[in-house]
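Modelling step: build the complete structure from the supplied sequences, incorporating the hints.
Protein chains: 2
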Amino acid sequence: MNVDVYFSPEVVDAPSVEGRTAVVIDVIRATSCIVEAMANGARGIFPTILPEEAVKLASSLGREDTLLGGERRGLKIEGFDLGNSPREYSPEVVRGKQIVMSTTNGTRAFLAVEDAHRVVTASFLNLSAVVRTLEGAQNLVLVCAGRQNRFSMDDALCAGLLLRKLSEGSGLALAMVNDAGRAVLDMAEKYTPDEEFLRSTAAGRALEEIGMEGDLAFCAVLDRHSIVPEMRERRIGLVEGH
Amino acid sequence: MNVDVYFSPEVVDAPSVEGRTAVVIDVIRATSCIVEAMANGARGIFPTILPEEAVKLASSLGREDTLLGGERRGLKIEGFDLGNSPREYSPEVVRGKQIVMSTTNGTRAFLAVEDAHRVVTASFLNLSAVVRTLEGAQNLVLVCAGRQNRFSMDDALCAGLLLRKLSEGSGLALAMVNDAGRAVLDMAEKYTPDEEFLRSTAAGRALEEIGMEGDLAFCAVLDRHSIVPEMRERRIGLVEGH
Numbered sequence: 001m002n003v004d005v006y007f008s009p010e011v012v013d014a015p016s017v018e019g020r021t022a023v024v025i026d027v028i029r030a031t032s033c034i035v036e037a038m039a040n041g042a043r044g045i046f047p048t049i050l051p052e053e054a055v056k057l058a059s060s061l062g063r064e065d066t067l068l069g070g071e072r073r074g075l076k077i078e079g080f081d082l083g084n085s086p087r088e089y090s091p092e093v094v095r096g097k098q099i100v101m102s103t104t105n106g107t108r109a110f111l112a113v114e115d116a117h118r119v120v121t122a123s124f125l126n127l128s129a130v131v132r133t134l135e136g137a138q139n140l141v142l143v144c145a146g147r148q149n150r151f152s153m154d155d156a157l158c159a160g161l162l163l164r165k166l167s168e169g170s171g172l173a174l175a176m177v178n179d180a181g182r183a184v185l186d187m188a189e190k191y192t193p194d195e196e197f198l199r200s201t202a203a204g205r206a207l208e209e210i211g212m213e214g215d216l217a218f219c220a221v222l223d224r225h226s227i228v229p230e231m232r233e234r235r236i237g238l239v240e241g242h
Numbered sequence: 001m002n003v004d005v006y007f008s009p010e011v012v013d014a015p016s017v018e019g020r021t022a023v024v025i026d027v028i029r030a031t032s033c034i035v036e037a038m039a040n041g042a043r044g045i046f047p048t049i050l051p052e053e054a055v056k057l058a059s060s061l062g063r064e065d066t067l068l069g070g071e072r073r074g075l076k077i078e079g080f081d082l083g084n085s086p087r088e089y090s091p092e093v094v095r096g097k098q099i100v101m102s103t104t105n106g107t108r109a110f111l112a113v114e115d116a117h118r119v120v121t122a123s124f125l126n127l128s129a130v131v132r133t134l135e136g137a138q139n140l141v142l143v144c145a146g147r148q149n150r151f152s153m154d155d156a157l158c159a160g161l162l163l164r165k166l167s168e169g170s171g172l173a174l175a176m177v178n179d180a181g182r183a184v185l186d187m188a189e190k191y192t193p194d195e196e197f198l199r200s201t202a203a204g205r206a207l208e209e210i211g212m213e214g215d216l217a218f219c220a221v222l223d224r225h226s227i228v229p230e231m232r233e234r235r236i237g238l239v240e241g242h
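As you go down the protein sequences, you meet chains A and B in turn. Once you know that position 227 of the first sequence is 227 in our numbering, the rest is easy, because the numbers rise by one and skip nothing. Once you know that position 119 of the second sequence is 119 in our numbering, the rest is easy, because the numbers rise by one and skip nothing.
These aren't lab readings, by the way, just hints derived from the structure by calculation. Don't be surprised by glycine CBs; every beta carbon is placed ideally from N, CA and C. There's no promise every hint is true.
Stated by the list, open to error - Calculated cross-link-like contacts (lysine-lysine; reagent style DSBU-like; alpha-carbon spacing at most 35 angstroms):
#1 LYS56/B - LYS76/B
#2 LYS165/A - LYS190/B
#3 LYS190/B - LYS190/A
#4 LYS76/A - LYS56/A
#5 LYS190/A - LYS165/B
#6 LYS190/A - LYS165/A
What the hints assert, rightly or not - Which bits of chain B does chain A cover? Going by a derived footprint, with three or more residues having C-beta under 8 angstroms, they are:
#7 7-21
#8 148-154
#9 177-188
Written out as structure tokens, the structure reads:
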């Protein structure tokens, strides 16, 4: 198995994902939100970069059964229905709805890998399910959303735990992992994915500053769900047969 | 002390370096070359991005006492005097000369931080001297050149060793280090900077592939020199009084 890990979407180009399975990771908080929303019955999620795009797309999809979600500086965008806290994406709110999302880092990561063979959504909430769906994949790219295109410890640990679990199954050879992959495997040896760990990261501290620290315990739960949302043609949904 | 580490020059913008001391790290091989060249009596080094720029600048400086150095894909650029192997920058070759350099990653890193308060050159070859010159600095940015703007283990370990040595002196508080800084401190606990380590990195393996593995032992030597080349107005030289 050949695995490359990238610490920000900005360094990912088309050749680095072509023909490969891409895994998008934004623990705090976009991929946690997406997994939670899909598990709670949302019909599909459309990642967009700009809030204006999101508003336009929501109108064209039909505003009555579409929700607008997303954040800037961690807070809900003015005029949007939902922010970027997975706690908001409850069954009562999202069941049967389509959601158009615009977040600072996470939605960019999805669009950076849209030319990949497959695009799957990973977070602590669905880690084991992602590992299961990736078994047998020969060519993987793990893209950490990061923060403002920079290294983020929460995403890196999630990538490391994914890689470690995959290598336990398939006997992953170190020579087939790039330097960033080695670094995240080391992190998986050292750190435990819990609330305290998330609180120690830059993204976690930023959430505390805006009074959203309740999201940290939520995002730290391993395997709350066993689904793997996948993106096809810029729409994230649940795919039969994986 | 406030320290941010970045894993590639591409994510560094003017606000992230303004008023701060920037440390540029490209162990394999640009900063190793620069330290070696300056220790061996070069008068100054001019980093440039494109080979054409380098040729033009060398002409305007006066071609008779100027050398052109640099690489693409690890190999000497056609028409240049020197490649990017520190072994080439011997006293016989560089003494009294100015050198215009163009490398894939390293010279970009210098230009990315040119608005910093100070810009210093770090490698394993001058690690302790860099630590000494940084003592008392309040606001540091460590920029790893990386490879094609991506995470590179050799540069990250050098950043980690620098940070660890600095924190031993000043009692560096973890809350003042960004996530990348934490990650490189962890690497400094785990890895030893030697030839074997460099050979295990992606940059090291790439050098082996082009038959340049002799550079690895050379770049791995700690504290061969006690100089700290600094860049001022796009010229790297030795500064009195630091």
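Do at least three Cβ atoms from the stretch 7-21 of chain B come closer than 8 angstroms to Cβ atoms of chain A?
Satisfied; 4 residues make the cut.
Would you mind confirming whether the straight-line C-alpha gap from LYS165/A to LYS190/B stays at or under 35 angstroms? Between LYS165/A and LYS190/B the Cα gap is close to 21 angstroms, so the pair holds against 35 angstroms.
For LYS190/B and LYS190/A, compute the direct alpha-carbon distance and say whether it is at most 35 angstroms.
holds (11 angstroms)
Would you mind confirming whether the straight-line C-alpha gap from LYS76/A to LYS56/A stays at or under 35 angstroms? holds (17 angstroms)
_Check whether the Cα positions of LYS190/A and LYS165/A lie no farther apart than 35 angstroms._
holds (15 angstroms)
Margin query: Can you confirm whether chain A covers the stretch 177-188 of chain B, using C-beta to C-beta distances below 8 angstroms and requiring at least three such residues?
Written below: holds (count 7)
Could you grab the alpha-carbon distance between LYS190/A and LYS165/B and see if it respects the 35 angstroms cut-off? Judged against 35 angstroms, a Cα distance of about 21 angstroms means the pair holds.
Straight-line alpha-carbon gap LYS56/B to LYS76/B, limit 35 angstroms:
Cα-Cα ~17 angstroms, so holds.
Exercise. Apply the coverage criterion to the stretch 148-154 of chain B and chain A: a residue qualifies when its Cβ sits closer than 8 angstroms to a Cβ of the chain, and three qualifying residues are needed.
Key: holds (count 6)
In this structure, none of the earlier numbered hints is contradicted; all agree with it.
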